[in-house]
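Residue numbers (the numbering used here), protein chains in the order written: chain A, 196 to 558; chain B, 196 to 558; chain C, 196 to 558; chain D, 196 to 558.
These aren't lab readings, by the way, just hints derived from the structure by calculation.
Among the hints, erroneous ones may be present.
Here are the simulated lysine-lysine pairs, DSSO-like style, with alpha carbons at most 30 Å apart [claimed, not checked]:
1) K555(D) x K433(D)
2) K555(A) x K555(B)
3) K468(C) x K468(B)
Each chain, written out:
Protein chains: 4
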Amino acid sequence: MPFALPAYNEPDFAALSGAPLARFEAVITPGVAPDGYHATTIFPEYFQLAPQRWIMPAQSRMDCVVVRRGDELDVVEFRRLAPGDMVCVGRRENGEDGIYVHTDPFGSIENAREKFAFRTRMTRESSFSIDYDELYDLLEFERENGFIVWVLGPAVIFDHDSREALTRLVEAGYVHGLLAGNALATHDLEAAMHSTALGQEIYTRRTAALGHYHHLDALNEVRRLGSMRAAMEHGLVKNGVMRAIHERNIPFVLAGSIRDDGPMPEVVADCYKAQDAMRNVVRQATTVMAMATQLHSIATGNMTPSYTVTGGSIRPVYFYSVDMSEFVVDKLANRGSLSARSILTNVQDFLVTTERGLRKRQH
Amino acid sequence: MPFALPAYNEPDFAALSGAPLARFEAVITPGVAPDGYHATTIFPEYFQLAPQRWIMPAQSRMDCVVVRRGDELDVVEFRRLAPGDMVCVGRRENGEDGIYVHTDPFGSIENAREKFAFRTRMTRESSFSIDYDELYDLLEFERENGFIVWVLGPAVIFDHDSREALTRLVEAGYVHGLLAGNALATHDLEAAMHSTALGQEIYTRRTAALGHYHHLDALNEVRRLGSMRAAMEHGLVKNGVMRAIHERNIPFVLAGSIRDDGPMPEVVADCYKAQDAMRNVVRQATTVMAMATQLHSIATGNMTPSYTVTGGSIRPVYFYSVDMSEFVVDKLANRGSLSARSILTNVQDFLVTTERGLRKRQH
Amino acid sequence: MPFALPAYNEPDFAALSGAPLARFEAVITPGVAPDGYHATTIFPEYFQLAPQRWIMPAQSRMDCVVVRRGDELDVVEFRRLAPGDMVCVGRRENGEDGIYVHTDPFGSIENAREKFAFRTRMTRESSFSIDYDELYDLLEFERENGFIVWVLGPAVIFDHDSREALTRLVEAGYVHGLLAGNALATHDLEAAMHSTALGQEIYTRRTAALGHYHHLDALNEVRRLGSMRAAMEHGLVKNGVMRAIHERNIPFVLAGSIRDDGPMPEVVADCYKAQDAMRNVVRQATTVMAMATQLHSIATGNMTPSYTVTGGSIRPVYFYSVDMSEFVVDKLANRGSLSARSILTNVQDFLVTTERGLRKRQH
Amino acid sequence: MPFALPAYNEPDFAALSGAPLARFEAVITPGVAPDGYHATTIFPEYFQLAPQRWIMPAQSRMDCVVVRRGDELDVVEFRRLAPGDMVCVGRRENGEDGIYVHTDPFGSIENAREKFAFRTRMTRESSFSIDYDELYDLLEFERENGFIVWVLGPAVIFDHDSREALTRLVEAGYVHGLLAGNALATHDLEAAMHSTALGQEIYTRRTAALGHYHHLDALNEVRRLGSMRAAMEHGLVKNGVMRAIHERNIPFVLAGSIRDDGPMPEVVADCYKAQDAMRNVVRQATTVMAMATQLHSIATGNMTPSYTVTGGSIRPVYFYSVDMSEFVVDKLANRGSLSARSILTNVQDFLVTTERGLRKRQH
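Chain A on its own, in the form it takes in the complex:
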């Protein structure tokens, strides 16, 4: 059945009629909030800026502070605070400080079933049939109406079929942003150049002679040419995820890490600049698909609110995490939000199954 967005429940502002105005204090030291600052959550939050005028920041994320810029509110990382920024102070969330955190924005009766399902803790023995079916509905909807961000660990391209499935998902329009690290790009280009990942053939699993040089050679070659795009233009990269991403000019961020060789020229070395770049992609996100990377998944989860404002209306941001380990997905799913969902399986199977399921729908 076609996917339908749940309606947004406006808070009952009448019930908050006695609340004071939200208070704001100035930043003195760069990167340091005033005492008693209010920290954001993943939920829609409202700040009473004038009597009866409750304003919500359009683009939030958790564990940040709220800076007033005239009549608008900006959700800002501590490190980006500048002297003079007016930061909201107050830690009570039910209006007493002029702040209202709206923890049940989409919890209508119609969503009771989902609500229940989402609250169930998932294990490898949970039934995931319905998740696949609902995911197909969602992704079809989002392809036309949303913005799907994929957060990917390198394991998604260590396998021939899942690398191909992911490439097709890009080509079919299901990928609007990509967040990953140097390893994803490196091994994807290694696969394009040498048919291997870390020296092992991605289909036959044969270890190639001198295969341990392959990823270093791929990196060295791209570094010589100056960019992945240049390598593609030189004909060195005939297939794969990064090629499909480049061909469609899909925004991507490769965040650097202390594990990196190379790195690829496009990698962002400063992790806070990388964080900013990632958040710029996530600001547009309506669905996030995070898989096979604890670091990037949690980093993205931290900067993804449970809602977004598109075309003037408020809708949920869906967040899927796919991993083999209950430990990892629990870290992500445990956000108290209807919109976080976990699937416990090997990402290889997940990608192949999902791409096939979506393709079948098109026919």
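Starting from the structure of chain A, add chains B, C and D where the hints point.
Relative to chain A, chains B, C and D alone:
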């Protein structure tokens, strides 16, 4: 490409020309082997019964003893030894005791690739594309020419789609024997009667009202009628794995365990009788598919030799284990045999993907 | 601080004054309950047998039925039902059917802290310091005043130090019952006879020559002598857990399984007889320590109520599960009972640390 | 028994007498190696710079290139290559290209036992008694004679007892360098200031009121004061690991990551500068203890050679990884080096046990 059985390498008996005859000593105490007994492996083993006459038991399994019955050799569990049984003694395996253990029976040059692949330790990040493709080839071959035994934990039927996929695999002829426990049958019938497993709907994941009674009710109902077949004849079981198994008269063993409620009438309460019944099914096996059960998988692994004799020729027995945990599959795969292969994923995805892959081949 | 048992909250029977008497119906078919039977939980349950007379079975377990024997109530497995047994029927648990399930029997204000702590889901990153300290308090108390049942997988004796720690715990009086399988006893005696487990030395980790024969030799030797006790009397078993158990005449059950070699003569082959024998030990339990065995831990968990009656008063039964995997301990801990607690670690470290912690207390 | 360093086996250079001189080619593009560059391993490697003169770089690491600086050899990351740098080219490792990779530098007969033990793949069921004992020997030796680098995930300070054990290890002189991320420092200072980690008390596991503000408050406070040392001087940090590190002026690197809040002022934002800083600590390392962090452990593993030169002689660098997951430790242990060892357990228990074991030795 169609599957081809590897050829069997006969041992070089000429090189063993100076070897003594194998020695046999009589059992005195029931269930107790004579000192110095030879314990079997998963490999073909030859015993020199008369000069130049090296005899191999047709149906072996590891950690048992070899009993001579005239010119034939029987591989027997210690607990089945009877006074007077003549048990082979000797622990050297290269002929010095008249015993030759043939550890590389199918290792021809043609199998070099596979040999390599099989030796690689599998993790969740290994590439499994080729395993699926080779498995489809294998299962198509075995459907016509072999005997495929499935060893199943209850998780395979906790999910709607994987229960359906498994049912279809039975219906399509890919299941020739089934080894499981009480829980598999119980929750499969619970699903048929109530659409739930342990009270949770297997598609919607909704918790049914009084759902914790469902599996007890299913057990009680079948126990009242006397058998699962009777319940089917009464129209209580309209779908599922056990129904498909019964319709095709596929041999199955449900081994009892200390965790069981009920149990189903067909469950074998004595674990050693269950072991014997399982081995009787395994004696015919040419491929074993073990998934989502550590207990039954290891039990079956212990009684499955790496080879079997069919139609007078010797061929490998393939053994697949599918599980989420490296720890579990390593226990099974670490047998030093080319024919053991691990796939790390959720069995739900594995079954759905495998059934779809095989179905596609038929068209 | 010394351990203190929480007080039992009597149900408010006055509030149930309008409730009907509990109804009982006769069993017709052996092993089959009447329709609408009431199934037990882990909680104290009361049945109104006469007006104002609410009777609780002294020894319950979950997923069984309640049989009236005069003025007493027996909690009985379905398979043990005999024709004529009067089984309680009714599925409403708040008195409407004359049945009251008391789900918060020890939830006094004083236990608020614990209550909270127990409800927190444990992962490998949870803080366990307090659990060790509280466990020392508990085990010291139970050594004098309770009955501690240990449920053990073979991994506890694969390591030299943990096998020694466990032996000391037996010797120091912290073990009053032992539930395990054939493998625990086999590898414990293998360690006593050969210093190995599955052929690998338990301290040096060296693989012994022909070490794969060690466990089979240990089994064969004990089977020849007829019992583990006989082997001990013959001087074959100079140390270890089973020796300490025998020296103190501690009740134990070794439940057979389809994985077993041998087995040891003491192993119970029929899994339902084993279940009965285990429950007979568990009936006395005030604390259960389950570790490194999914099968035995869950089996024991199923037959362990959350309370027991000792000396006329009602107290909790504490249930600890120790394992490396969130997946396993979640299965056990998720019982809705204050008295279930999980520790995620390697049982080797757990046993060594616990024995040392308790020993230090004695000085 | 006291720890003794294994002797270094000099390669048999006489056997390499016909080998050519190593070749070097100039870097043209910054950060790009010439084609055919030789990539380093974790092993000692020798380069024939003049006839019969085989030179080994003193400080190596894997997946880098070798740059000749006069008569010395520097092992350099690709990204640090400058135009004109002379990079060794040649990929054959047995002398044919003037390059000799010495893969068995400490494999004397005396080490046969260890050699065996190290090759055994570790699982949660491996026996670890000997590892603890050998580790105590090693750490006692290294405290006086070596340089012990600890690589730590935040889980080590989520638990009261393990945080205390780790602090004591610093105080007792067993920690000479610390590599971690922002989270370790943040939650260690949160614990010092609020007795919580992520808002949960690290001993009682109680959730503190507004506890989710604690780590943000700790970060904000330190950022206001400008450094952790300043916070210590202001009396805000009365205990913990970072305080002990600062008191002893132990070198540490906190590498930034995209998951960070804050961050602490000392965090290195550029991941390649962080990598350089980490390697500067690792250059001195004789033993590395990596625990509960996949990212930092693998990053450190990549930059840690299997040997080091101290006082003119060549000795192994020992590398321990401690984690709950076979998947993680296998990634690290699978380096083909005698000196990598895995322990599968909860780091909390590991730290408490190790500190107690070492303390006991001192008495």
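Hints, one by one, checked against the model:
1. K555(D) x K433(D): Measuring from Cα to Cα gives roughly 26 Å; hence the hint holds.
2. K555(A) x K555(B): At roughly 13 Å apart (the allowed maximum being 30 Å), K555(B) and K555(A) satisfy the hint.
3. K468(C) x K468(B): Given pair K468(C), K468(B) holds - Cα atoms ~14 Å apart, limit 30 Å.
The structure is consistent with each of the numbered hints, conforming to all of them.
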